[in-house]
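Asks: Sequence order for the protein chains is A and B. Throughout the first sequence, residue numbering follows my numbering, covering 1 to 188 in sequence. Throughout the second sequence, residue numbering follows my numbering, covering 1 to 78 in sequence.
Hint data in this document are derived by calculation from the structure and do not stem from the laboratory. This structure is a prediction, so every number in the text was calculated from the model and none was measured. Don't take each hint at face value.
[Stated by the list, open to error] Derived, one-sided and incomplete: chain A residues facing chain B with beta-carbon distance under 7 Å:
hint: 1; residue: K15
hint: 2; residue: E44
hint: 3; residue: Q48
hint: 4; residue: P113
hint: 5; residue: V116
hint: 6; residue: V146
hint: 7; residue: R173
hint: 8; residue: L180
Don't be surprised by glycine CBs; every beta carbon is placed ideally from N, CA and C.
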Amino acid sequence: MHEEELIKLAQSGDKKALSELVKRHEKTVYNFAFKICRDKERAEHTMQETFLSMVKSISQFEGKSKLSTWLYTVITNHCLMAARTSKKHDWDSLEEEIDTYEEKNISSWNIDPEKVMEDKELKEQLDKAISKLPTDYRIVFLLRDVEGMSTAETGEIANLSVPAVKSRLHRARSFLRQELSKVLQYET
Amino acid sequence: MKPKKIKCEEAKKYLSINLGEDLDLSHCLEIKKHIEQCPMCKKYFETLEITIKCYQNYNVELSDECHHKLLNKLGLED
Ligand SMILES: [Zn+2]
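Please build the complete structure, drawing on both the sequences and the hints.
Replies: Here's what the structure looks like:
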């Protein structure tokens, strides 16, 4: 069944349709939440909050954007709010770190990105590197490069202008590459 | 040595800004040529791509327990 039909049914109170919508999107929602916070418990909580909001406001959903876009927006807002209250990042110093860091010699990395899931140590490094980024930078990188959204869609979801998306994306990419480079470069 | 260094900085910046965008070919031909010929920039490009691929391939599995807890919380458990 098409998603639009399911949404219409869910809006008229069909619980089976609503549950089908949850089932179709729960993996994406859980994964995206995890990718932002790098913590399974918090990801589960964010997923629950996101679907609670979906169930509550499905009747007002007008279908102007895709349901998935709408869900990404809810997760993004949730995580930005949570970050605002914890506020542990000092981005100025990070920015300086990107600008002043100079790699004397860029060498190849001895890893296979296809085998990430089997490499516990690499996963830890990936978590560690992205956790250093401020939440809005993380979200832009994840939407654009990991979830495959366009720059415009990313801006819509994160409530940022296209130039703001581009500058965050550029910073986030260079920073992550730089952080991983410190641990993945093999000595030659 | 100096002009080359500036080129590399420019090329690296260009790469991390424009990766995945539709590239305006005429505008960046010079930089593209540089990247093709400069081993350092080539490695930069490679490692930037690996960085992104690693994050793309890193996923978590939603456990059955998690799934049921969710449906339960939403009042949708069948
Ligand atoms: Zn170069």
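Asks: With reference to the structure, classify each hint as holding or not holding.
Replies: The hints, checked one at a time:
Checking A:K15 against chain B: minimum C-beta separation of about 6 Å stays under 7 Å; hint holds. At about 6 Å, the closest approach between the beta carbon of A:E44 and any beta carbon in chain B falls short of 7 Å, and the interface hint on this residue holds. For A:Q48, the interface hint holds, since its Cβ comes within 7 Å of a Cβ in chain B; the closest pair sits about 5 Å apart. Interface restraint check: A:P113 against chain B, minimum CB-CB distance 4 Å, threshold 7 Å, status holds.
For A:V116, the interface hint holds, the least distance from its beta-carbon to any beta-carbon of chain B being 4 Å, beneath 7 Å. With a cut of 7 Å, the hint placing A:V146 at the interface with chain B holds, because the nearest CB-to-CB distance is about 5 Å. Nearest Cβ of chain B to the Cβ of A:R173: about 5 Å, under the 7 Å cut. The hint holds. Contact between A:L180 and chain B, as hinted, is supported at the beta carbon level, the nearest pair being about 6 Å apart and thus within 7 Å.
Checked against the numbered hints listed earlier, the structure breaks none of them; every hint is satisfied.
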